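A.B. asks: Please construct the entire structure, taking both the sequences and the accompanying hints into account.
So the protein sequences, as listed, match chains A and B. Number 752 in the working numbering belongs to position 427 of the first sequence; there are no gaps in the numbering. Number 373 in the working numbering belongs to position 133 of the second sequence; there are no gaps in the numbering.
Keep in mind the hints are simulated off the structure, nothing from the lab. Quick caveat, the model's predicted, so the values are computed rather than measured. Glycine residues also receive a C-beta, built at the ideal position from the N, C-alpha and C atoms. Hints are supplied without guarantee of correctness; some may be wrong.
Only part of the chain A face toward chain B is listed, based on derived beta-carbon distances under 7 Å [as the list claims (entries may be wrong)]: (1) Gly393; (2) Asn666; (3) Ala667.
Label-pair ranges, simulated between beta-carbon atoms [what the hints assert, rightly or not]: (4) Arg782(A) - Gly287(B): 23 to 33 Å; (5) Arg281(B) - Thr350(A): 40 to 50 Å; (6) Ala381(A) - Glu393(B): 47 to 57 Å; (7) Gln368(A) - Ala322(B): 44 to 54 Å; (8) Arg415(A) - Ala322(B): 39 to 49 Å; (9) Ala503(A) - Ile333(B): 32 to 42 Å; (10) Glu784(A) - Pro412(B): 39 to 49 Å.
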Amino acid sequence: MKRLILLGFLSILAAATIVVAQSTTQATLRTQNGDKPVAIARQGGQTYFSADDIAAALGGSVAADAHGFRVTINNNVAAFGPDSRFGVVRDDLIEMPVPPVVIDNRPYVTVQFFQGFLAKTADLDVVWDERVRLLSIRPLQHTIVGVQVSVANVQGTSKIVFTLSQNSGYAIVKEQGAYTIRFAAQIRPPFTEQAYEDPNVAKISFTGTDVRIQLTGGDVVGDAYKLENPYRVVLDVRKTAPGPANPVVPLPSRAVEPSGIHTIVIDPGHGGKDIGATGPGGLLEKDATLAIANKLAAALAVKLGARVILTREDDSVVSLDQRTAVANQYKADLFLSVHLNAAPVKGAHGSEVYFLSADASDELAKKAADAENQSTSGHADTQSDLKLILWDLAQQEYLAESNRFAQSIQEEMNALAGIQNRGIKQAPFKVLVGATMPAALVEVAFISNPDEETKIRNEQFQNTVVEALTRAIQRYKNDYETRIGIAQPAAAPAPAATPAQPPATQTTTTARTGT
Amino acid sequence: MRRVVLAVALALIVAASACKKPQQQGRNLSEANKVAMRPVRLYFEDGNFLLMAEPHNLPLPENPAAAIPVVVREMMKGPANASLARLLPPDTIVRGAYLLPDGTALVDLGGATLQQGWGTGTHEELMAAYSIVQTVTANFADAKRVRLLVNGEPAETLAGHVWLGRSLYPMPSLVEPASR
Numbered sequence: 326m327k328r329l330i331l332l333g334f335l336s337i338l339a340a341a342t343i344v345v346a347q348s349t350t351q352a353t354l355r356t357q358n359g360d361k362p363v364a365i366a367r368q369g370g371q372t373y374f375s376a377d378d379i380a381a382a383l384g385g386s387v388a389a390d391a392h393g394f395r396v397t398i399n400n401n402v403a404a405f406g407p408d409s410r411f412g413v414v415r416d417d418l419i420e421m422p423v424p425p426v427v428i429d430n431r432p433y434v435t436v437q438f439f440q441g442f443l444a445k446t447a448d449l450d451v452v453w454d455e456r457v458r459l460l461s462i463r464p465l466q467h468t469i470v471g472v473q474v475s476v477a478n479v480q481g482t483s484k485i486v487f488t489l490s491q492n493s494g495y496a497i498v499k500e501q502g503a504y505t506i507r508f509a510a511q512i513r514p515p516f517t518e519q520a521y522e523d524p525n526v527a528k529i530s531f532t533g534t535d536v537r538i539q540l541t542g543g544d545v546v547g548d549a550y551k552l553e554n555p556y557r558v559v560l561d562v563r564k565t566a567p568g569p570a571n572p573v574v575p576l577p578s579r580a581v582e583p584s585g586i587h588t589i590v591i592d593p594g595h596g597g598k599d600i601g602a603t604g605p606g607g608l609l610e611k612d613a614t615l616a617i618a619n620k621l622a623a624a625l626a627v628k629l630g631a632r633v634i635l636t637r638e639d640d641s642v643v644s645l646d647q648r649t650a651v652a653n654q655y656k657a658d659l660f661l662s663v664h665l666n667a668a669p670v671k672g673a674h675g676s677e678v679y680f681l682s683a684d685a686s687d688e689l690a691k692k693a694a695d696a697e698n699q700s701t702s703g704h705a706d707t708q709s710d711l712k713l714i715l716w717d718l719a720q721q722e723y724l725a726e727s728n729r730f731a732q733s734i735q736e737e738m739n740a741l742a743g744i745q746n747r748g749i750k751q752a753p754f755k756v757l758v759g760a761t762m763p764a765a766l767v768e769v770a771f772i773s774n775p776d777e778e779t780k781i782r783n784e785q786f787q788n789t790v791v792e793a794l795t796r797a798i799q800r801y802k803n804d805y806e807t808r809i810g811i812a813q814p815a816a817a818p819a820p821a822a823t824p825a826q827p828p829a830t831q832t833t834t835t836a837r838t839g840t
Numbered sequence: 241m242r243r244v245v246l247a248v249a250l251a252l253i254v255a256a257s258a259c260k261k262p263q264q265q266g267r268n269l270s271e272a273n274k275v276a277m278r279p280v281r282l283y284f285e286d287g288n289f290l291l292m293a294e295p296h297n298l299p300l301p302e303n304p305a306a307a308i309p310v311v312v313r314e315m316m317k318g319p320a321n322a323s324l325a326r327l328l329p330p331d332t333i334v335r336g337a338y339l340l341p342d343g344t345a346l347v348d349l350g351g352a353t354l355q356q357g358w359g360t361g362t363h364e365e366l367m368a369a370y371s372i373v374q375t376v377t378a379n380f381a382d383a384k385r386v387r388l389l390v391n392g393e394p395a396e397t398l399a400g401h402v403w404l405g406r407s408l409y410p411m412p413s414l415v416e417p418a419s420r
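C.D. replies: Here it is in structure tokens:
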């Protein structure tokens, strides 16, 4: 009898616990307008917050439709939906650990949803303190930003990347032999001081909100820019020619004073473990693109007298961002990425030339406006502040020239005997997005086609392709320099299918300059 | 004894009826769903290297939130017409697909090839990505754009070319005029 009664009480207690765990309770929501209650729910170890309560406290609202919910705060809209742990704001994803839940037909989300939404749109941070059941929404710069540091040297340039746990304004001060980055937010440094065995960076140290980058000498200059997803502040430093140190941090190249085509970056697609496409006979795209790019670099140096830089000279992995970073770093006037194509349909053949798609740029233009607004209203309060440069936006202002450049390449490739025109196209290719100069991607031929794979292996065919690309670049250069008034109109060489003489081959130098 | 047992049973019933179990949104939204055979258009590559619609009939719920993953999974099975080519690696799976209120459809892909690095050219990658975009936007009027994820995470590309850091919009130039 006693056992039964005990069992009964235990059962009731267990059932009551479930009621508490699955019902909503109240916590405190603290904003600059004061404290308000916010409904919360616990489920599966997660704390969910009423989207209605938080939106209302910030003067916003939540609307439901057949696909989910739409949160509007100060005309900024974020959306989330069924079973998805990703919300969307301004075409950026907001990542949540778990999907939202609906209780009594109203949405509840984890704190990460509003952290992502408000950090991207209102420079606000959201912090949940479980101990005192307090949800605080406050200006972002009052929070502590975690910082991670990496230093890598690529082709003589040391890339110092400060990865931030969340967005923060910053200013950069150039001193003799050092840079200081001053963050607007409180930061949590990964170390106090660390020495580096790097050609350009001697030491990095943190003090308060400052990070000081001690350089190896006064002849080192740098470029800085900011990236998103995740937030990063990048400082590229390199040795400069002997002479007075440059007192101003230069920005990545912008075509402010057009001066012709002098520096060309050739990007051999793929490399290392990224083999690209594989031909039916086993030819790897990464090997063929490197062979063609090497020949092209040599030909351009000899025939155009151009300074030519390869994004890779060997079978190494180079990230897509790094490829355009090299072009920007060297302030290249043209960027050409060389690839081989593949298709599931048999018989695909011919060349294709791409430049960045317009709709990618349209979306990016919106982000540009947002970034511009943010940079002018935020932390640009010191003389040496660098403007925010979104990597995603770089190609935007060069699309018209990229179109001309791609057209020139396509016309020359069309003229090659045995290569069919498949037309100039636009696509959202990552390797073109960050380039601050006219940029195109050429697909020389289809490696997936056995006949074309055999051709690509052939040295003479490679030379023919190189000749066509060289002529295309020369034509574009003549056209561009004539249009900007620094060259006389010249009888541009007509597209021709005549096989070229093999150019002088150089295999070791990174930058090649013809004499 | 009987009274005690009765009391315990009543207590349990009362407690259980008081439980407010949170409803998953999918369950909420699926209330109006009514599964029926519905016509859809799945997109594959044809001999002109463009995307062509292949008509299928599928048992689909009315609600796009539940129907999108069914349609995309059907597309992954490949075309019935042998003259059309299946795009994406054969081991690709659709982990999930959702439609958000702003018109963004999220399609979460998985599979060993995509996870380990898909080695293919720009054409195949471009057509693969846009076959999903075209299939989703052509069949669901509320879907304006598609954001592709790989294994539940944002990915830079599928195979080293097409940038997935933004939503992809339909690109009519990749589609046969009769299938647009």
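A.B. asks: Evaluate each hint against the coordinates.
C.D. replies: Comparing the hints with the structure gives:
A cut of 7 Å between beta carbons decides the hint on Gly393(A): the least distance to chain B is about 5 Å, and the hint holds. For Asn666(A), the suggested interface contact is upheld, since its CB lies about 4 Å from the closest CB of chain B, less than 7 Å. Because the closest C-beta pair between Ala667(A) and chain B is about 3 Å apart, less than 7 Å, the hint holds. Against the hinted window of 23 to 33 Å, the Cβ-Cβ separation of Arg782(A) and Gly287(B) comes to about 26 Å, which satisfies the hint.
Checking the proposed 40 to 50 Å range against Arg281(B) and Thr350(A) shows it holds: the Cβ atoms sit about 48 Å from each other. Between Ala381(A) and Glu393(B), the C-beta spacing of about 32 Å breaks the proposed range 47 to 57 Å. Under the hint 44 to 54 Å, the C-beta atoms of Gln368(A) and Ala322(B), about 49 Å apart, fit the expected range. Take Arg415(A) and Ala322(B): their Cβ atoms lie about 43 Å apart, and the range 39 to 49 Å holds.
Here the CB-CB span from Ala503(A) to Ile333(B) is close to 52 Å, at odds with the stated 32 to 42 Å. As the Cβ distance of Glu784(A) to Pro412(B) is approximately 40 Å, the hint placing it in 39 to 49 Å holds.
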